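J.: In case you want the letters, here they are:
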Amino acid sequence: MYSDLYKGGVFISNPYPIDDVGIKKTTLPNKVILPLNERMTEKATPCVKVGDLVLTGQVIASNDDFNSVPIHATVSGQVTAIDDHLIPHKSGFKTQCITIQSDGKDEWVKDENSTKDYWKYPQSLLIEKIHYAGIVGMGGAGFPTHIKLGLSQNCSTIIVNGTECEPGIMCDDALMQNYPSQVIKGVEILLHICGAERAIIAIENDKPDAYNSLLINNNNDRISIAHVPTKYTSGSEKLLTKTILDKEIPSGDFAIDVGIVCLNVATVKAIFDIIIEGKPLVSRIVTVTGSGVSKPYNYEARLGSSFEDIVSLSSPNKLKHDVRMGGMMMGIDVPSTDVPISKTCNCIFINNRVAKDTARECIRCGSCNQACPVGLLPQQLYWYSKSEKTDKAVEYSLFDCIECACCSYVCPSNIPLVEYFSFAKALHRNTSEEKRKANIARERFEYREFRLERNKTERAQMMEAKKKAIKEKMAKEKSQKDKITKAMERVNTNKKNKINE
Amino acid sequence: MNSGELNTSQVMRQVIYALGLGVGASFYFFGWGVLIQIVLGIVTALVSESVFLSFRGLPVKPTIADGSAILTAILLAISIPTMAPWWIIVVGVTFAIIFGKQIYGGLGNNPFNPAMLGYAFLLISYPLQMTTWGSDYVNIEQSINAIFNISSVDILTGATKLDEVKMQISLGTHIENLDIYSLSQSWINAGFLVGGLYLLIRKIIYWQIPTAFILGIFATAGLLFLIDDNIYLPPQLHLMLGASMLGAFFIATDPVSSSTTPKGRLIYGFLIGMLVVIIRVFGGYPDGVAFAVLLINIAVPLIDSYTKPKVFGK
Ligand code: SF4
Ligand code: SF4
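Here the protein sequences line up with chains A and B, keeping their order. For the record, in the first sequence the residue sitting at position 110 is 110 according to our numbering, with numbers rising by one throughout. For the record, in the second sequence the residue sitting at position 206 is 206 according to our numbering, with numbers rising by one throughout.
Same shape as in the complex, but just chain B (with noise of 0.2 Å):
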């Protein structure tokens, strides 16, 4: 049966459309690192996710063709720094693929969002890479230059803007008079916002996720600053920085380690946007969005159950 509506590997590939203009708001500040990340980072998942499937006598071509693989491979892309050397994407892609989705039976089966499993990875294994950000723009010869660590290359200075403003307030300076309107994080978290409200409109994503994840993030960084705004940022402003789009509309609504029921989603949602301003502002990791989506979906069978819809006449 075929409904005409999209299927699976469409769907997939509707989100990475999406992504297109927050990836080219970072191509236009950060420069050609991003478009190399995700290139690595593609034919990494194919080979890694070619070579598993082989491994285990499964055919290669359905699985690859469903393009879910691709997806997880520029979602780790995009949020690890532009300049990361080449075997950072190339050591995160792998394992998310393999042990973030592959080693539960593939697209499907896996408790947790490949992609942040990844990333959490790499941050813990390689905190000073994963931490070090290109704060200009950088043309395309510096950045194979740096990625592929050819000659050493004097631009990788500054860390993320999340830790800037952390470091510049723990250093006394007050909320009011910091740069922190940056705008190269709040055109880039822009650019995912366009995108992910056009996943709402082709009703590719559920409204709910995004929506109550924005609400989390805002009522908890909301709270803080009613609490003292001298030291914690203004709850817009968590909005506009770090992942907090990406994470928004792009990571959190990833269907198969999420909440499933629509009451669910928006507890899924709400919890994640919470945790990532609780581990912003009180962890030691630049943003929280990756540890936030991993401990959430944990708690996504329990939230599953107690959530269950009306059934039709019980």
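So that you can see chain A by itself, here it is in the shape it has in the complex (with noise of 0.2 Å):
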């Protein structure tokens, strides 16, 4: 058991808590809608049309961007439209989605050259396949793994994040209680591709049950299994390492810089689903829960089939509801339960809905600096997030805010604080954006106006010049006039005196 290693975070028990915590399998969706684009990333490209009949697995859509993963068909069927469809992300933008009409056979296509015997083939050969299988951190933050583990080469440690990342969701849990001895696999896999010393699966003391089952899978004694304290926020990567290993990564780095490969466990099984079973990622546990539905509980379900789908099992009553996914805390409000399921959803939260509390003044109690995990001054963020004086908040480290949101829940007069801080940070990068425009602009401006001036004087000196040569022309002319005069005149008062004579 490891102790608490960090100031901060907040207990907060599971608030739907069920008794056994299992998984229900799913029934085919009729139809399945996959956003090309779920990440806001480069926009994969269709390879398939409308009409095309598809198998379950088959890749039907990719780009050649390293840094996104191809998208696959989930069930088999006929693809029936390529068009725009709400999805579940902050900006509720609608994008292009492919929609596949199942024919109920999930026919699934061939593994082509299977990796069974995984130890044999070259490490990146099997991230590779990796890639292909579009494994991405199932946690919820969506990196994609081949990246991930390229950059992993001779690390020193594996930890993988069985903490549940959030209050409420219990997939993880179920994943480890339902599938121990391919979580196990999966992590010798890893071991091999990273060649790391040992890995750590990290289970919180709450969850005596997955703990156990996974140790009795367990033979290999380079691979341990961890218990953490049920603290909220353990289960971010910075802190799930301070704990199992008191090191602190330095910040603006990742694990990953300090020789550290950190993943989830629903990530390790999707490595060995493709590694070993030649699937690819098509499915994933989602936990339903909330005041909404009376029978909480964990569903695997394809992606791409509907938050409905799968709400309607848990059986929800029938008042308006509030839809979020993921956890209470970092999850994102989404407008209905007509969105598909994507990979990091690991939990859709159906709330009755309620009269918001509003917020008021910040007492400057300094709850929210004793709740916040990465010892930051919310308070003082706060104050700069909502005079916009984002300069001033980066100066209070809000980019080392990772918007866990401890401090809005403890704070007493109900502020939103989070919110502020992530949009202090858009905001931010924005005005650092413009700022550098806007100089670049300067100093062209400048160049210009400079530009500008020195043709100025430049015509000015020249003008100046030729006044002064017009002039000079002109005195001499007129010295030549008055000399010419005067000859003249000196001619006429001698023919006068001639005359005279």
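Source of the hints: derived by calculation from the structure; they are not laboratory data. Treat the numbers as computed from the prediction; the structure is a model and nothing was measured. Incorrect hints may appear among the rest.
[Unchecked claim] So, partial list: chain A residues that the calculated Cβ filter (under 8 Å) puts toward chain B:
(1) Glu248
(2) Pro335
(3) Val374
[What the hints assert, rightly or not] Only pairs whose alpha carbons sit at most 27 Å apart, straight line, appear in this in silico DSSO-like list of lysine-lysine:
(4) B:Lys314 - A:Lys392
(5) B:Lys308 - B:Lys203
(6) B:Lys203 - A:Lys7
(7) B:Lys310 - A:Lys392
(8) A:Lys435 - A:Lys389
Idealized CB from N, CA, C, for every residue including glycine.
Grab the two chains, each in its own frame, and use the hints to assemble them into the complex.
T.: Quick look at the structure:
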């Protein structure tokens, strides 16, 4: 059992606990909707047309960008549409999706090159296969796993994150209880890929069943299973590393920078599925919970099936609901249950709609900075975010905020602090970008001014010179004229004199 | 989101409850005055805040409901002499609410502790009324008469105990001979101490400010006492006289105007404690809590910016 090695965080028990944490396999959905850019990265290009027949696990869209992963059909059937659809994302935007009508047969693509004997294959080949399988971090961040693994050569330790990211979510617990041997095998594959000496699977101490089932299945002495305190935000990569290894990852760095690879258990299971079974990532385990359902449970659902498909299995009540993807702390609100399940959708919260308590002024009580696991001063950040003095907020380490919402959770004035912070971050990025642009523009402008000014002075000098020349010329001419007139006068007087004589 | 912990108005309410014991002690020794002042103060606070808010066209109800105006009124009412004329508390609370809080945009934005700003204003403007303390129990009828100036009452004798001590010392009385263990003062302070401990246990206030405040008083007074125990009071006496405990647990801990970082709270509390003694001993005023708090309020932004906690990974 590891002790509590970082300050802050909050202790919250599962608000909707259930007795047996199991998994229900759902029936095949009638249709699936698969977004082409789930992570708002480069959009994938479809390689199928409307009307095409596809098999489960077949790549239907991809792009050359190494940072993104291909998209697979998650049922077998026919492509019926490629059009815009609402997806569960903060932005609330619609994005292009491929819709597949299931034929009910669930026929899979064949695994051409089996890697069952994974230890015989070079790391790069396995990583490529993981890339092909479309595996991303399934704990919520959605970072492509092949990139992480590509950077992980010769790292020392693998941490497998089996701590549920947030109170209320049970999908990882269920996965460890139901697929313990697959998880252990997955970790062994990882040990091979990363060349790490050891792997530690971290489980919160309120999940004894998951702990025990992994323990029973583990015969590898390079793999250990660790109990960590059930404290919210322990699941964050940095804080988990601190808890387990007492290592503090420097601000701005990632675990990988200190030789540690941190992966979620569901990701590890997905790696098992592709390397051993040859199956790309087409489904995941999702917890459905909240005050609006009477039977919270975990479901193994095909990606792209709608929220509604599995929410309906949890006996929702007839009231009006707020739908949230992810946990109560870090999740995002989505407008309805008519959105597709994505790879990072670990949980769906269905809450009865209640009147929101209004936010009051900050009384600087300091509860928030006691709760902040990163050691920030949310009250000061709030002050500067609210007044849009983002430079000051950055001075107070705004960008070290992991947006865990512990501060919002404890605030007696009910201030949605974390929302201010993500806003301030965006604002700061924008303004610095704008500032940069403005600087360039100003430089340009200044140069132009300078040029204009220079032209002006040059012109003025030229004019001056010309004027002078003309004047001189005129003066010269005048003196000549004078000379002439004088001479004429002289001639005239001479003439006169002569006449007079 | 709600953590099930106390919200702002519940916090204020707890603080008000915690004042009960100290107020009770004051009632026991000096009679009805303190209660009348509290009632007057609360009524004034509610009226002045509502009027100000409606002038600015702001909603009145949520602000009143946060309970902070009531708390300000109570703190001021128990700080002034129990038999002060009624308009003292009315003027003081109005000043505290409007110039101490609302003018900065309301609760959360005020740099100074509103109650202490009101107190300082009263002390400077009406020194006579603010330093004339009753020294005996006064019943309800007499209290009303005195406070509302209905008939002249001859109970208004004496200065504060602290003043008395000061005066006797200047007259050459040796410390040992002073009847300084003034029962009433000690009991009132003890009342606030217990109330304060309750707040600490309920985690409504943080330990840093009261602890450092008491330490500041003790260290400074102790140092002076070591220098010359003929002129200076022993430090433990400083703790049980005047507004020491009220200051340590209820006034200096006002979250809005105090330092907000854990280390900063220690510095903040200690500096106030130190100043309290210095003002009491060397200043011309009977008690130093109000001025000490206000002075250190000014230093809060500085203290905060120098005591940022360590950020993870930095
Ligand atoms: S918890 Fe809320 S009220 Fe308290 S200091 Fe933080 S932001 Fe302000
Ligand atoms: S959201 Fe940010 S500021 Fe708030 S507790 Fe989490 S890390 Fe700290």
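J.: Now tell me, hint by hint, if it's right for this structure.
T.: Hint check:
no.	hint	in the structure
1	Glu248	holds (5 Å)
2	Pro335	violated (20 Å)
3	Val374	holds (4 Å)
4	B:Lys314 - A:Lys392	holds (17 Å)
5	B:Lys308 - B:Lys203	holds (22 Å)
6	B:Lys203 - A:Lys7	holds (17 Å)
7	B:Lys310 - A:Lys392	holds (17 Å)
8	A:Lys435 - A:Lys389	holds (14 Å)
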